[in-house]
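Protein chains in written order, with our numbering: chain A, 1 to 112; chain B, 1 to 111.
Hints may be right or wrong, so weigh each one.
[What the hints assert, rightly or not] Straight-line distance between alpha carbons at most 20 Å, and here's what the computed PhoX-like set of lysine-lysine pairs gives:
# : chain 1 : residue 1 : chain 2 : residue 2
1 : B       : Lys42     : A       : Lys22
2 : A       : Lys104    : B       : Lys42
3 : A       : Lys58     : A       : Lys104
4 : B       : Lys42     : B       : Lys57
5 : A       : Lys68     : A       : Lys42
6 : B       : Lys57     : A       : Lys42
7 : A       : Lys104    : A       : Lys22
Keep in mind that the hints were calculated from the coordinates and are not lab data.
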Amino acid sequence: GENVEQHPSTLSVQEGDSAVIKCTYSDSASNYFPWYKQELGKRPQLIIDIRSNVGEKKDQRIAVTLNKTAKHFSLHITETQPEDSAVYFCASYMNRDDKIIFGKGTRLHILP
Amino acid sequence: EPEVTQTPSHQVTQMGQEVILRCVPISNHLYFYWYRQILGQKVEFLVSFYNNEISEKSEIFDDQFSVERPDGSNFTLKIRSTKLEDSAMYFCASRPLNEQYFGPGTRLTVT
Numbered sequence: 001g002e003n004v005e006q007h008p009s010t011l012s013v014q015e016g017d018s019a020v021i022k023c024t025y026s027d028s029a030s031n032y033f034p035w036y037k038q039e040l041g042k043r044p045q046l047i048i049d050i051r052s053n054v055g056e057k058k059d060q061r062i063a064v065t066l067n068k069t070a071k072h073f074s075l076h077i078t079e080t081q082p083e084d085s086a087v088y089f090c091a092s093y094m095n096r097d098d099k100i101i102f103g104k105g106t107r108l109h110i111l112p
Numbered sequence: 001e002p003e004v005t006q007t008p009s010h011q012v013t014q015m016g017q018e019v020i021l022r023c024v025p026i027s028n029h030l031y032f033y034w035y036r037q038i039l040g041q042k043v044e045f046l047v048s049f050y051n052n053e054i055s056e057k058s059e060i061f062d063d064q065f066s067v068e069r070p071d072g073s074n075f076t077l078k079i080r081s082t083k084l085e086d087s088a089m090y091f092c093a094s095r096p097l098n099e100q101y102f103g104p105g106t107r108l109t110v111t
């Protein structure tokens with residue numbers, strides 16, 4: 001079955017700097033890649049997503065890139081702010097299986 | 001903006017007891033899901049449900065688990081005989097197309 005690997009598990013970034021989180025997936029049939037932000041004790045919140053027919057997508061300070069050939073996708077957060085501190089999960093989805101497979105998460109700390 | 005809701009927010013039960021976790025998906029969504037998250041770990045898929053039947057389930061979703069859509073609005077997860085290792089946050093989700101909307105979760109504590 002599909003497997004999603006995510007790294008790093010923890011990332012500390014100075015406020016104002018950029019943060020990058022990387023993921024790989026195993027099944028080439030995966031066609032949708034959401035990113036979720038989860039604050040302590042809260043639900044996962046979708047922050048950005050990308051479909052397999054697109055290589056890059058940007059929404060203000062957040063961008064996601066997808067390399068289908070290498071089965072890599074990445075989250076980029078620029079001009080980080082204290083409220084960006086949270087756990088971020090990458091995930092993959094394919095129509096065939098109708099389920100989201102999550103990575104293990106990255107705990108992002110924004111340092112003042 | 002409509003949201004997925006879940007009740008209760010926290011459920012404490014004794015090992016061996018049955019629990020029912022309740023979810024109200026967003027009203028025009030047709031696809032429903034349950035996920036769980038053990039404390040400090042990743043979110044894990046349990047089951048997907050469409051057109052009043054299970055469309056996919058994980059190896060976690062064994063015979064002690066069942067799902068039901070008893071009426072036009074509720075979607076429930078039943079755990080028949082709870083074990084200590086069932087302690088986790090359980091999230092319901094629903095979707096119209098690709099994007100899944102998650103509920104706030106039910107924290108299940110089995111003692």
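Cross-check of the supplied hints:
Between the alpha carbons of Lys42(B) and Lys22(A) the distance comes to roughly 16 Å, so the proposed pair stays at or under 20 Å and holds. Annotation: proposed proximity of Lys104(A) to Lys42(B) holds, straight-line Cα distance about 5 Å (limit 20 Å). At roughly 23 Å between alpha-carbon atoms, Lys58(A) and Lys104(A) are farther apart than 20 Å, so this suggested pair is violated. Of the supplied pair hints, the one linking Lys42(B) and Lys57(B) holds, its CA atoms being roughly 17 Å apart against a limit of 20 Å.
With a C-alpha separation of about 31 Å, the suggested pair Lys68(A) and Lys42(A) falls outside the 20 Å cut-off, and the hint is violated. Of the supplied pair hints, the one linking Lys57(B) and Lys42(A) is violated, its CA atoms being roughly 24 Å apart against a limit of 20 Å. Taking the CA atoms of Lys104(A) and Lys22(A), the gap is about 11 Å. The hint holds against a cut of 20 Å.
Checked against the numbered hints listed earlier, the structure breaks hints 3, 5 and 6; every other hint is satisfied.
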